[in-house]
Amino acid sequence: MDHVKLVNNPIDIAHIHQLLADEGCGASSVFVGTTRDNFQGKKVVSLAYEAYDNMALKEMKKICSDLRSKWPELKHIVIYHRLGTVPVCEASVVIAASSPHRSEALESVSFAIDQLKTRVPIWKKEIYEGDHDSEWKENKE
Amino acid sequence: MDHVKLVNNPIDIAHIHQLLADEGCGASSVFVGTTRDNFQGKKVVSLAYEAYDNMALKEMKKICSDLRSKWPELKHIVIYHRLGTVPVCEASVVIAASSPHRSEALESVSFAIDQLKTRVPIWKKEIYEGDHDSEWKENKE
Amino acid sequence: MSTDGPVVNVHVLFFAKARELANSSRSNVDVPTEIVASDLLDQLVSRFGLTTIRDNLILAHNESYIDNLSDSILFKEGDELAIIPPLSGG
Amino acid sequence: MSTDGPVVNVHVLFFAKARELANSSRSNVDVPTEIVASDLLDQLVSRFGLTTIRDNLILAHNESYIDNLSDSILFKEGDELAIIPPLSGG
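Protein chains in written order, with the working numbering: chain R, 996 to 1136; chain E, 996 to 1136; chain L, 23 to 112; chain X, 23 to 112.
Just chain R, with the same shape it has in the complex (with noise of 0.2 Å):
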């Protein structure tokens, strides 16, 4: 199953791992990206993220059916969000995914989180400790 979504609260990692479970799976793999404390010398106090939604939850499932058909055996899929502010060390994403044997797994969450960063409508904000002004990312290709 595919589950995708945009959430405006802190992410619950024990409740993806429950998401990746299934009987005939071997392997889950799950990546989080958390909010980091410095950007070139200056102090990040938080992130604000904010989103084309309706599109970015359709290029989120558009890379769920480019998961599975490069990895057929993939089980459960899951890619959430977080928007708003997140503060430093709390989750921003998380892509997780569960299959029978263990390179699905690990190589669909890669996949995947460079497929996030390079066409999911999301934005990011570096709001710094002291009066550096805030400042919108720009993810590298």
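I should point out that these hints are in silico values taken from the structure, not numbers from a laboratory. The reader is advised that the hints may include incorrect statements.
Said to hold, decoys possible - Lysine-lysine pairs mimicking DSS-like chemistry, simulated, CA-CA at most 30 Å apart:
| id | chain 1 | residue 1 | chain 2 | residue 2 |
| --- | --- | --- | --- | --- |
| 1 | E | Lys1065 | R | Lys1038 |
| 2 | E | Lys1065 | R | Lys1065 |
| 3 | R | Lys1070 | E | Lys1132 |
| 4 | E | Lys1037 | R | Lys1070 |
| 5 | R | Lys1070 | E | Lys1112 |
| 6 | R | Lys1112 | R | Lys1056 |
| 7 | E | Lys1135 | R | Lys1070 |
Quantities reported herein were computed from a predicted structural model and do not represent experimental measurements.
Keeping the supplied structure of chain R fixed, place chains E, L and X upon it in accordance with the hints.
Frame of chain R, contents of chains E, L and X only:
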């Protein structure tokens, strides 16, 4: 920090994620190996794991050192393996890492699970439903 | 928008830096029923004060990226157009 | 063990299938102070009934794998030797 353990009880996944948390880290990757319910048409009831404990811990620590020399940015590494009887759907192994950027976390976890399977002295026996003899498994190269 | 032919009214959405510069997250704009994407983008950029980020913007039409700015877009009344600055999700 | 030279007593550990076939998880055995690994393995295999899995076994000496069965091992009293069937952790 390196967290290496052989455990006899269910592995608490939420706790693993806590061990990875770090203000300077933007990425965590968690791999969970679970017991599957089938092998070549036979229904698997549970797995029984045994280890050469001291040597297994030593090899698990060596994997941590190898990861740190290949990916010096890694922050926390967790390698937990469960021993004894592991029912279907429960985790037998968890490998996890956190790092400032995502590629190190993802690649190191993939590498570590391959290493664990080829060099850590742990064995599993599959216990089947019905009157099929239980069977010692063998990891493929 | 400057145009000679038939026009339709579409919704334009602004995000992130583009939203801040435009001082708006959403606007309704008359656009030609057919226009080359780069021409449209130029007109939106000048109208909404996005000159400083012009070269980093792409467009999405009805929730699909316009991959090539030299493509023509066909608009219907009520279509949705989005101004997309560089992504930074994840 | 059959040997002519000086011997020392070492602990031998058996795991998984080897443990089941040997009917034991641990034994104390006199071994030569120096012996080629494959010769030692042959003697242990015949003494502990491991013939059916001989070709799949490797040895660990004091918790380190003996990578090459043609290597010689030097033993001291109380050393630990382990009979290692194919691994299946994970």
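Given pair status - E/Lys1132, R/Lys1070, alpha carbons within 30 Å:
Roughly 24 Å separates the two Cα atoms, so the pair holds.
Just to be careful, I want the Cα atoms of R/Lys1070 and E/Lys1112 compared with a cutoff of 30 Å; is the pair within it?
holds, 23 Å
Keeping to a limit of 30 Å between CA atoms, is the pair of E/Lys1065 and R/Lys1038 held or broken?
holds, 28 Å
Hey, E/Lys1065 versus R/Lys1065, does the alpha-carbon distance stay inside 30 Å?
Roughly 29 Å separates the two Cα atoms, so the pair holds.
Within a Cα-Cα threshold of 30 Å, do E/Lys1135 and R/Lys1070 meet the stated pairing?
holds, 23 Å
Decide if the proposed pair is consistent with the structure: E/Lys1037 and R/Lys1070, CA atoms, cutoff 30 Å inclusive.
holds, 20 Å
Satisfaction of hint between R/Lys1056 and R/Lys1112, Cα-Cα up to 30 Å:
holds, 14 Å
Of the numbered hints given earlier, the model fails none.
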